[in-house]
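Student: For reference, the chains in residue letters:
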Amino acid sequence: MVEWSEQERSIITSIFSNLDYNDVGPKALSRCLIVYPWTQRYFANFGNLYNAEAIKTNPNIQAHGTKVLHGLDRAVKNMDNIKGTYAELSVLHSEKLHVDPDNFKLLADCLTIVIAAKMGSGFTPEIQATFQKFLAVVVSALGKQYH
Amino acid sequence: MSLTAKDKETVKAFWAKVAPKADDIGQDALSRMLVVYPQTKTYFSHWKDLSPGSAPVKKHGATVMGGVADAVAKIDDLTAGLLSLSELHAFTLRVDPANFKILAHNILVVCAIKLPNDFTPEVHVAVDKFLGALARALSEKYR
Numbered sequence: 001m002v003e004w005s006e007q008e009r010s011i012i013t014s015i016f017s018n019l020d021y022n023d024v025g026p027k028a029l030s031r032c033l034i035v036y037p038w039t040q041r042y043f044a045n046f047g048n049l050y051n052a053e054a055i056k057t058n059p060n061i062q063a064h065g066t067k068v069l070h071g072l073d074r075a076v077k078n079m080d081n082i083k084g085t086y087a088e089l090s091v092l093h094s095e096k097l098h099v100d101p102d103n104f105k106l107l108a109d110c111l112t113i114v115i116a117a118k119m120g121s122g123f124t125p126e127i128q129a130t131f132q133k134f135l136a137v138v139v140s141a142l143g144k145q146y147h
Numbered sequence: 148m149s150l151t152a153k154d155k156e157t158v159k160a161f162w163a164k165v166a167p168k169a170d171d172i173g174q175d176a177l178s179r180m181l182v183v184y185p186q187t188k189t190y191f192s193h194w195k196d197l198s199p200g201s202a203p204v205k206k207h208g209a210t211v212m213g214g215v216a217d218a219v220a221k222i223d224d225l226t227a228g229l230l231s232l233s234e235l236h237a238f239t240l241r242v243d244p245a246n247f248k249i250l251a252h253n254i255l256v257v258c259a260i261k262l263p264n265d266f267t268p269e270v271h272v273a274v275d276k277f278l279g280a281l282a283r284a285l286s287e288k289y290r
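In order, the protein sequence lines correspond to chains A and B. Letter 90 of the first sequence, counting from 1, is numbered 90 in this note's numbering, and no numbers are missing. Letter 35 of the second sequence, counting from 1, is numbered 182 in this note's numbering, and no numbers are missing.
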């Protein structure tokens, strides 16, 4: 069982309550597709992904980025059982979407960098540690149902 | 995933912006590494103070960034350029190469914090590739 201190819980809820999902979601997803271009394999039918500019302005990517970020809301609301909360989503990513679970960490790293850019020096080492711990638990939960 | 001519240009241009803040960035990246990845503290048991912004962390952050700046200057042949640094890491320091990735990640996070408008996705990918190539050159002499 993952243990969360009161401080860690409040850090996570604070980050997400101050988040502009429509900005951070698209930025994180498009950064992932640009920095790790092999991740584009999952978006073959999203239209033009030929270069960084195209990716950044692609409306399908923008919509999907927002959707993915909202997907984290359930983990924020159920921090004591992220594994159970994401069991279905894990099955979806494995059986329907066929996403290599290594990719989850790549998106998590891009999200960390986008949040760091937004929060600036407010993204202290302690806050970074908590945020990365949260994302690591999410990533692990999403990979749990793969077989 | 070797560095293209464009990657090298991008890295050099970005590093010109990093240079005036290099010591600060080094200190911040190292501090974060020690806090976020506590297992990395095992390499610094000889330091009295491992807290963010402490004297040894400041000094070492500057040393590390000096090495990275050197690598930028030698970007056309990292293996040859970093030969003696590789020997140092392989035979004396014996840092597990997995940690190069960890430090690289924290350098990227600090770049995003300190240069949010310059650290675009296009710059991010070039710098990520460069730090990966740097790590490979540093690991050259390990075995």
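Any given hint might turn out to be false.
The following residues of chain A were derived to be distant from chain B, with all beta-carbon distances above 10 Å [claimed, not checked]:
# : residue
1 : R31
2 : N45
3 : Y50
4 : K56
5 : Q62
6 : V68
7 : D109
8 : M119
9 : S140
Computed from the model, here is a short list of chain B residues facing chain A with C-beta under 7 Å [claimed, not checked]:
#  : residue
10 : S178
11 : R179
12 : V183
13 : L197
14 : P199
15 : A202
16 : P263
17 : D265
18 : E269
19 : V270
20 : H271
21 : V272
22 : L278
23 : A284
Hints in this document: simulated from the structure, not taken from any laboratory. Just so we're clear, the structure is a prediction, and the values are computed from it rather than from any experiment. From the three backbone atoms N, C-alpha and C, an ideal C-beta is built for every residue, glycine too.
Student: Please list, smallest to largest, the hint numbers that this structure does not respect.
Tutor: 1, 4, 7, 8, 13, 15, 17, 19, 22, 23
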